[in-house]
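**Student:** Listed below, chain by chain, are the residues.
Protein chains: 4
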Amino acid sequence: MKLPDIQSSPPEEQIPIDKVGIKNLRYPIRVLDRAKGLQATVGEFNLYVDLPSHFKGTHMSRFIEVLNEFKDEIHVRNIEEILRKLKKRLNAKSAHLEVYFPYFLEKKSPVTEISSLMEYQAFMLASLTARKIDLVLGVKVPVMTLCPCSKSVSEYGAHNQRGIITVAVRSKKFIWLEELIEMAESSASSPVYPLLKRPDEKYVTERAYENPKFVEDVVRGLAFKLLENKEIFWFTVEAENMESIHGHNAYACIRYPFENYSSESSISK
Amino acid sequence: MKLPDIQSSPPEEQIPIDKVGIKNLRYPIRVLDRAKGLQATVGEFNLYVDLPSHFKGTHMSRFIEVLNEFKDEIHVRNIEEILRKLKKRLNAKSAHLEVYFPYFLEKKSPVTEISSLMEYQAFMLASLTARKIDLVLGVKVPVMTLCPCSKSVSEYGAHNQRGIITVAVRSKKFIWLEELIEMAESSASSPVYPLLKRPDEKYVTERAYENPKFVEDVVRGLAFKLLENKEIFWFTVEAENMESIHGHNAYACIRYPFENYSSESSISK
Amino acid sequence: MKLPDIQSSPPEEQIPIDKVGIKNLRYPIRVLDRAKGLQATVGEFNLYVDLPSHFKGTHMSRFIEVLNEFKDEIHVRNIEEILRKLKKRLNAKSAHLEVYFPYFLEKKSPVTEISSLMEYQAFMLASLTARKIDLVLGVKVPVMTLCPCSKSVSEYGAHNQRGIITVAVRSKKFIWLEELIEMAESSASSPVYPLLKRPDEKYVTERAYENPKFVEDVVRGLAFKLLENKEIFWFTVEAENMESIHGHNAYACIRYPFENYSSESSISK
Amino acid sequence: MKLPDIQSSPPEEQIPIDKVGIKNLRYPIRVLDRAKGLQATVGEFNLYVDLPSHFKGTHMSRFIEVLNEFKDEIHVRNIEEILRKLKKRLNAKSAHLEVYFPYFLEKKSPVTEISSLMEYQAFMLASLTARKIDLVLGVKVPVMTLCPCSKSVSEYGAHNQRGIITVAVRSKKFIWLEELIEMAESSASSPVYPLLKRPDEKYVTERAYENPKFVEDVVRGLAFKLLENKEIFWFTVEAENMESIHGHNAYACIRYPFENYSSESSISK
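Same order as they appear, the protein sequences are chains X, Z, V and W. Residues in the first sequence are numbered from 1 upward in steps of one, following the UniProt record's numbering. Residues in the second sequence are numbered from 1 upward in steps of one, following the UniProt record's numbering. Residues in the third sequence are numbered from 1 upward in steps of one, following the UniProt record's numbering. Residues in the fourth sequence are numbered from 1 upward in steps of one, following the UniProt record's numbering.
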């Protein structure tokens, strides 16, 4: 039986479509790990292509078929090949892959040096047009921030809280998630840890008190480190504090190259 | 034209259904406000009835019709009437209304006494069976907690963070959300505020440092206050800290009457 | 007592900050309503300014103070004034206000013509630089989509599902949310409704079957209507289907002016 | 240096605490897989113990230490051992482990028989008191439901949508997630699939049209199958439809043993 291919017929309004595809697909993957080679995790994927004005629809099942060809071997080294196959199978001029995944690192407590696993939320946003791949690598890093104003006005104590740093970069050379995480953690009052014994808790508490940071200080310190790395030619850094003295958050953001702010990224919220 | 009423036909498996209805319906409402009489807000509703074993389906549109009859007049004083109408219109033996809504209070900063609006997430869970209404009233209250262990082991400073207290009660008499909020806020190291000028920030920082609380202390302190109110015959209190030194949270919970813990409430997560 | 103003001291790294301020603040507001004049709802606000390289920090409490001056009178007509006050009070060159809120419309069922309230998620993203205001107005519109491919290959039936259309525009003249909602709903297989009696359900079912739409058709149809409105000089339209035959979603997006796709808006996910 | 152990001192209010511990900790795990033996995934953990009235606090770091002892070997077969260690290390009378994780199964498209990975959200809720372990095993299963009313009143077509079935059981014998998934999928109008070619889409569309199901039918059909399994002595089944004709959801729930509904599980929402 021959079934009609509605997708290949012409559409009513002949307008080209920027991105069409599948969203929120979870899939087990392996990603590059500086210490262990590869790390098993679970990715949440968005896969898109463009669609020229004369085709009514894309063929959604082919996105999954391409992903299936790489089963168990989806990591940063073959993202470009995945995008090439997507472009080819979908007859497209551009292909896009976005993947968000939890990433785990062994982290030692600072004094007792007990190892445990710390989780970060990482992401890769990759696009392939004509023949050039564009890759944005990023990660969300929980940190501790202690308020310089609170410390300076108070006889004792200072409010502090968990903050989340989001850093995303474009780089001329391969860059490890571990490098971004280290730059982010060292820009805050203190890293956070999965496991702290009492001597560690003393160390972290005192270190944060000696090292107060506003969200403004955090994004500036991190931007400064990123600007020193000559391979990185684009970045955004954001810091968001779950303020311990408020019900709302404090937020700061720097983009490089320095440019006018646009509201558009807030649409997807 | 007479359209068939499939819902009223018998089902394949004649099993009674505990709850059937509509979920995640948003609707503008007015709720009782101790200071202002009524407060306009937006509720997210779940509305259910039971369904006897001999009917295939309930009539979903009637839930909305009942809600529409109370338009602009949905508040705690007429929940019982809404439930009575639901029971009657749906020919049910029991009816359930759950509503979650942001609730705002004027709150003065502690030193400069500037008023602003503070938001709380409140909820009412109401059930009407034979002729008795059962009402659970609750609210989520953001607070500041400062760690007693961190304070005691450190030369200076102490880690602190935003925590969320969830308190839910059954009471013989009407109780204001404001009363629950006051009991919750006074059980933490400090309340949080929408607006703090420097003298306020100094006050809150120092007060929290003088008043360290674990999540365990928070739930015990709040349970103690609730036990003193003889009108309250059932409660649960939970405290969850977004720990500033960890990426995960600290949590404690007390239920009264004291009873064995059951996993079942974790299903809906 | 004079407390130090740490924020006004110079920072370690003298890098300008694009946006700094407060995030996720909920506040009751009134917004313009074409039928009723004003509508009470609850907004979730982000408020930012830029920060020049020579100041260490912004003054977070002033954001709330400015908002408080407009209490009960926050709507689209005075966003520009709010931004002007933010710029002035914070000594900034730019100010940004983002607000997300549920918006309710009376909607009649298509045959029985019973009115009830339908909820949409609306947003306004406003920026004020030198002397020009930039306003993006948008809304998320739930709709019904019926698959043209499924209909054409099947003897009977066709899979359909709830989809969400997100439309955001910049316009030379004032535009009502109601206009965007109407354009979005008429681009799908059918609008969705809060209340449908059996004759309405028959009508909606049959109308959707007669009017199959891919996500690609939805964004093209809506883009076509937006292009016809000569006041609208910028837009993005997105359609996302919670596919009834898959566990993942189908997605399409058109931006105007037609431009190269950038990954950057996916960072905030 | 000897640091004080504040946790072991007596609290102000001597009230026993039901559950205290850590929440929302992500950790890579391996779970039992009927086809492959073990499956690597990422778990989100809550770990709690009780706390007697005479201790001020629990020792949070020990939860992580116990988890670390089982690193790479966390699966259902050793949950009891984890709980025993938690009880012992924390000197508690009860210990609780809750873990939520994505679970993947190979699934063939129904006609073309192409394999791909389908994701389910699974969970295990385990408690150890005196010497008895209590285990609730559950999973969320996306399915397709087609409305019997819409089909019966319409000349052609019928509205259908993605629904989510949540099933949770207590069983005398070990039960596979795969068994729960099969029972859930066969209770809906059709399973959903990650990949469907045109002949598959025709099959699924027509099969769902021939097999209409309300949420009420879904929970009854699944309850019937669970009641037939004599090993299962407790269950809850829920079905929630993202109705394609509404902006809100339809919901039904059955609990066994049949008992009075309580509002309490709605507190954690």
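Derived from the structure by calculation, the hints contain no laboratory data. Among the hints, erroneous ones may be present.
[Claimed, not checked] To give a feel for the contact side, a few chain V residues facing chain W, derived at Cβ under 8 Å:
(1) CYS149
(2) SER150
(3) SER154
(4) ILE175
(5) TYR209
[Stated by the list, open to error] DSS-like, lysine-lysine: derived pairs with alpha carbons at most 27 Å apart:
(6) W/LYS2 - X/LYS88
(7) Z/LYS87 - V/LYS225
(8) W/LYS36 - W/LYS225
(9) X/LYS93 - V/LYS225
(10) X/LYS197 - W/LYS2
(11) V/LYS107 - Z/LYS88
(12) X/LYS197 - W/LYS71
(13) V/LYS230 - X/LYS56
(14) X/LYS197 - W/LYS85
(15) Z/LYS197 - V/LYS88
[Unchecked claim] Covered by chain X, according to a simulated footprint, are these stretches of chain Z (three or more residues, beta-carbon under 8 Å):
(16) 44 to 50
(17) 160 to 166
(18) 189 to 197
(19) 239 to 250
No residue lacks a Cβ here, since even glycine has one placed at the ideal position from N, Cα and C.
**Student:** Could you run down the list of hints and mark each one as holding or not?
**Tutor:** To see whether the hints hold, each was checked on the structure:
1. CYS149: Holds, because the Cβ-Cβ distance from V/CYS149 to chain W comes to roughly 6 Å (cut-off 8 Å).
2. SER150: holds, 5 Å
3. SER154: At about 4 Å, which falls below the 8 Å cut-off, the nearest Cβ of chain W leaves the hint on V/SER154 intact, so it holds.
4. ILE175: violated, 22 Å
5. TYR209: holds, 3 Å
6. W/LYS2 - X/LYS88: violated, 66 Å
7. Z/LYS87 - V/LYS225: violated, 46 Å
8. W/LYS36 - W/LYS225: Roughly 26 Å separates the two Cα atoms, so the pair holds.
9. X/LYS93 - V/LYS225: holds, 26 Å
10. X/LYS197 - W/LYS2: holds, 12 Å
11. V/LYS107 - Z/LYS88: holds, 26 Å
12. X/LYS197 - W/LYS71: Holds, because 19 Å separates the two Cα atoms, which is no more than 27 Å.
13. V/LYS230 - X/LYS56: holds, 26 Å
14. X/LYS197 - W/LYS85: holds, 18 Å
15. Z/LYS197 - V/LYS88: At roughly 18 Å apart (the allowed maximum being 27 Å), V/LYS88 and Z/LYS197 satisfy the hint.
16. 44 to 50: violated (count 0)
17. 160 to 166: Held - the stretch 160 to 166 of chain Z has 3 residues with a Cβ nearer than 8 Å to chain X, which meets the minimum of three.
18. 189 to 197: holds (count 5)
19. 239 to 250: This one holds; 7 residues, not fewer than the three required, reach chain X with a Cβ under 8 Å.
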